[in-house]
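There are 4 protein chains.
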Amino acid sequence: MNISIVGASGYSGLELIRILHNHPYVTIASIHNYSNVGMKINQLFPHLTDIYEATLEEVIPEQIMAQSDCVFFATPSGVSSLAAIPFIKAGFPVIDLSGDFRLDAESYSKWYSKTPADAVYLEKMEYGLAEFRQNVEAKWIANPGCYATSVLLPLLPIVSEQLASDTFIIDAKSGVSGAGKVPNSANHFVNAHDNLALYKINAHQHIPEIERYLGEKSPKFQFLTSLLPLTRGIMSTLYLPLTKAGARRSIELLEETYATKTFVRIQPDGQLPTIKQVVGSNFCDIGLTYNEKTGILTIVSVLDNLVKGAAGQAVQNLNLMFGMDESTGLLQSPIFP
Amino acid sequence: MNISIVGASGYSGLELIRILHNHPYVTIASIHNYSNVGMKINQLFPHLTDIYEATLEEVIPEQIMAQSDCVFFATPSGVSSLAAIPFIKAGFPVIDLSGDFRLDAESYSKWYSKTPADAVYLEKMEYGLAEFRQNVEAKWIANPGCYATSVLLPLLPIVSEQLASDTFIIDAKSGVSGAGKVPNSANHFVNAHDNLALYKINAHQHIPEIERYLGEKSPKFQFLTSLLPLTRGIMSTLYLPLTKAGARRSIELLEETYATKTFVRIQPDGQLPTIKQVVGSNFCDIGLTYNEKTGILTIVSVLDNLVKGAAGQAVQNLNLMFGMDESTGLLQSPIFP
Amino acid sequence: MNISIVGASGYSGLELIRILHNHPYVTIASIHNYSNVGMKINQLFPHLTDIYEATLEEVIPEQIMAQSDCVFFATPSGVSSLAAIPFIKAGFPVIDLSGDFRLDAESYSKWYSKTPADAVYLEKMEYGLAEFRQNVEAKWIANPGCYATSVLLPLLPIVSEQLASDTFIIDAKSGVSGAGKVPNSANHFVNAHDNLALYKINAHQHIPEIERYLGEKSPKFQFLTSLLPLTRGIMSTLYLPLTKAGARRSIELLEETYATKTFVRIQPDGQLPTIKQVVGSNFCDIGLTYNEKTGILTIVSVLDNLVKGAAGQAVQNLNLMFGMDESTGLLQSPIFP
Amino acid sequence: MNISIVGASGYSGLELIRILHNHPYVTIASIHNYSNVGMKINQLFPHLTDIYEATLEEVIPEQIMAQSDCVFFATPSGVSSLAAIPFIKAGFPVIDLSGDFRLDAESYSKWYSKTPADAVYLEKMEYGLAEFRQNVEAKWIANPGCYATSVLLPLLPIVSEQLASDTFIIDAKSGVSGAGKVPNSANHFVNAHDNLALYKINAHQHIPEIERYLGEKSPKFQFLTSLLPLTRGIMSTLYLPLTKAGARRSIELLEETYATKTFVRIQPDGQLPTIKQVVGSNFCDIGLTYNEKTGILTIVSVLDNLVKGAAGQAVQNLNLMFGMDESTGLLQSPIFP
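Chains as they are written, first to last, in our numbering: chain R, 57 to 393; chain Z, 57 to 393; chain D, 57 to 393; chain F, 57 to 393.
No lab work stands behind these hints, which were simulated from the structure alone. Some hints here could point you the wrong way.
The list cannot tell twin chains apart, which means a pair is met if one copy fits it or any two copies do.
Think about it this way: if two alpha-carbon atoms lie no more than 30 Å apart in a straight line, the pair counts; the simulated DSSO-like pairs of lysine-lysine are [to be verified]:
(1) LYS166 x LYS145
(2) LYS256 x LYS170
(3) LYS300 x LYS256
(4) LYS256 x LYS96
(5) LYS273 x LYS170
(6) LYS349 x LYS276
(7) LYS237 x LYS256
One chain only, chain R, in its complex shape:
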């Protein structure tokens, strides 16, 4: 099958190219951009020489639909809310990696400070948290945010049994690639290196995304994010007040839920994962430890923000959409060391 990528020169777009290069059934038919049109992608990114050397094309929906079976939007938020509409109207499959179709219109306006897509289209979108897909035949996928994925995978089973009732804490940290390719003060090497800095204090746009998909039973949570001096990787540390029985049940629940899931690895009890053990792979690794003295269950969830947190999960959704095994083309080992 053929796919096209819009926004191929951003970090998520490049990661789609890297992953799909090894997918046995998928060909990248074309890549599209709003800048650098006419340039070969490997002129901009020499690592792709001899790997994938297509020319960046304009975004012309008819042309894309004529030659491909699905389009990925790896564009910043605010683009696909408009640009994806012609595809949806035409009944053509879309996987959107941005935040444009993850929230309802009101929330989107508030947290993104941008004009939301028309509600008709927002409703058509299925949230693409791959391990919890409702309708695997959905043709329009809002691929989840990187932080949201790292938080929802450990939390959803626990919250759906209403084990976590009190306010809890999420202390999340991400590498710099999560902040995008456009140079600014925060991603200047001198500011990010040898440093740790909190950002978007109580204002991160993944807060409403997590709330929404935790559902009506969502307890309150405090969510803060820090920028780590590394390129790839997220660690979300969750602190849940729980009774001993509640903690034990939570651990069981996660083990049960993910026993048959390829890309979520629950660590042995008390062993907490490190960021490095997932980099370059589609795994989300989760470790748990209960402290009887404080009554806190600590859950540590790590993933590669560009793979399971973006392009990898998008390919997982593509696989599901087209009836392939969800792990097709995604079973590469993390890069260690």
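For this one, chain R is given, so just place chains Z, D and F on it according to the hints.
For chains Z, D and F alone, kept in the frame of chain R given last:
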């Protein structure tokens, strides 16, 4: 005045040399070690050439007491519990940077798994959290741990007014210099770089130190520590459940408490500090932000683990002990960039 | 086909596992070690959970030969000189990633300060610089050193036409994974991070390896190595005094030589490669720029020391040995960003 | 005495503030900028809170001359060539940290692609390589470039005795702070981290600066620069073809020349310096090693590009200009670890 350093070739010992090199009233009369005796310190650490080139000597208490006015122990835990005793017995001033004199005997045995100093000597020691020194004339100082300093400075004023009653969370992160100079798997570049890893899960020896000095009113707290891919710096993020009024009072309290303190800088409301803004200096910077929706006051405290978290605070204690202004020799700017 | 790995828990061994996990025709039948025997590899390296979970076994040649078609030695130098002999004697294929079979006995003694393998076996070994293999049917391969590969690939074509006659300079830099897994002072995070340090001054064991394989026409060269604060990657910068015509011919020669080679990418004239553009891949990227004013041709060669500089090239040699396309299982994209 | 700084919010300007904060005889009377006028410097750079909190002012020469005794220009190239003129005309002391007054007009136009200062003013400027100052009473100083300093200090004594006759090689590497504060693609964390990249191939503006100050006897040299993944520090590695006698004389010459110089430390023979041993200090450390086999003398020179390579040397020049000891306020220890 003259001082001597035992354990001069470790990171805290080297930092004492760096700081005291610019102290107007202090001369380093001698440096002592349990290894590399007879070598010049600048053969081991060429950055000290022309700065300080003394030879490492054996630890002979009589000799040290004959030539100096105070001795610093910058040794690993388990050394000064024995080696400092002759000095204390002789009434000679000691500032110990290790954990050997911070806990009572029982706690020390439990958390350090080592033989504690005799209780007679433990009781003589004053805990050297400089901003909260009880008896500035004390001659024997247990210099606080780096994490403990970063946590106690923001917490003590709040806890002493009993504002924090519930269990709260401390998510603390430290650079690799905190883990010491002896090469091991955790501080191997390949394991620490591009990584984030939790360690000493519910078992960090600064937990009982924080509990002890918060005093009888100490609420329960969950304390976890991570290793950051950088050399110097600690960030401790505290999440306290508080009412709006409690949060407002806490902020006021910190501003009042530290208005006249040189080395604790309270950031403007809502502005959180980064690690880099204190590196190389004796400052502890504290920022606060209250989230009305979750009822959580987030406090972020940063310091350089080798300065305010070790050698800098030790010099601050030396200054107090000998009647100098506490900031003498310590007013250097952080290194930025 | 089946292979076995001796020394599976070192960085090169782990990289063999990572690469072979995606090889369509190769199964890792067993992994062997001189330590941690009886442990599952993913207990030591949790990134391998669900990827490859075999137990580390003792090194018993008969057993390995019974179940596999080829054995890799990913052991430190000084091991395979003895341990590989039973396999060679039995006519069983061996690919050795260490330096034990790359030099003649005299050079090996001098540069490695270890006892060389018996000359009978040294002679049987083929040097495995894949793009210049003499006898693709050779069953015993001395896989080249990482620096040597980065230097020989650009130099061999130029030296074989005797274009470089004068003494030239090689300024080579490597990431820390090249220094191995055993913790020591040089690979302590605090010493390697934020630093650049030269090591093995005029004494690097790849000097005689490069000299030997440049052949009788080898000109003199000055070779120095530095440790870079990153995990993977080598950059070798070569400065060759050449006439304008000689430089032009050198550039042509490299372009011609590698036009049909999958894993050596010659950059467009004047464009120099960066380390990041090859990390995670088996590519060696080479850029050239001639300075008419100084008469110096600068050649910059980059590769991932664990892939093209070790495990990747070893798999390339395996492919050649067993009649597969040399790129089988190796055509993954570099990881960028 | 009082000084003023123009361009106080750039890296060199901030470093002037850091260094002068500890200078016993100098007060920073005012700071000036072309942007952010009216803001307090510590609002932009919170590390300066309680250290130095002045407001950024417009650049009004009369006002600066009325209140100060000397003005530093820590502006990008292209600014002081015009902005410094009123001061020079008025006979007021100027220390310029940019490249605007280091070359003759023709060279400047060619290498900087900017309009040079009027030749009248170029001639008035003294090149401020502190250890080789010609006229210590000069009031107008062109402070040297960071790379140029690291290269000229080891080379000048050797070249002035005409020991180096052939073309030689300089392989120089710098941390990212050398590339300035304005965010761009090269200093984006994701591009600089875990990478090594050559830049300004045969086009670095310090080439003509080095040539000029080596003087008429300047041999040809090939000069290339790379960007290191660290913030502060330069290492310049020089490869000089020399006879054994020439090498021995060169080593002697450097030892003699710098025996009485505070800020140049010649390492013991064969011991090469690392970047980390000078960071935060005004030292330039130089190591040498001769390889008899290749006939190459390798010289490794390291310094902190913001201190000895910029602000520190500028203060050294200030000290000389006003008759103080050149080391006043500059004798701080490097920061290690």
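*asked:* Of all the hints numbered above, which does this structure not satisfy? Sort the numbers upward.
replied: none
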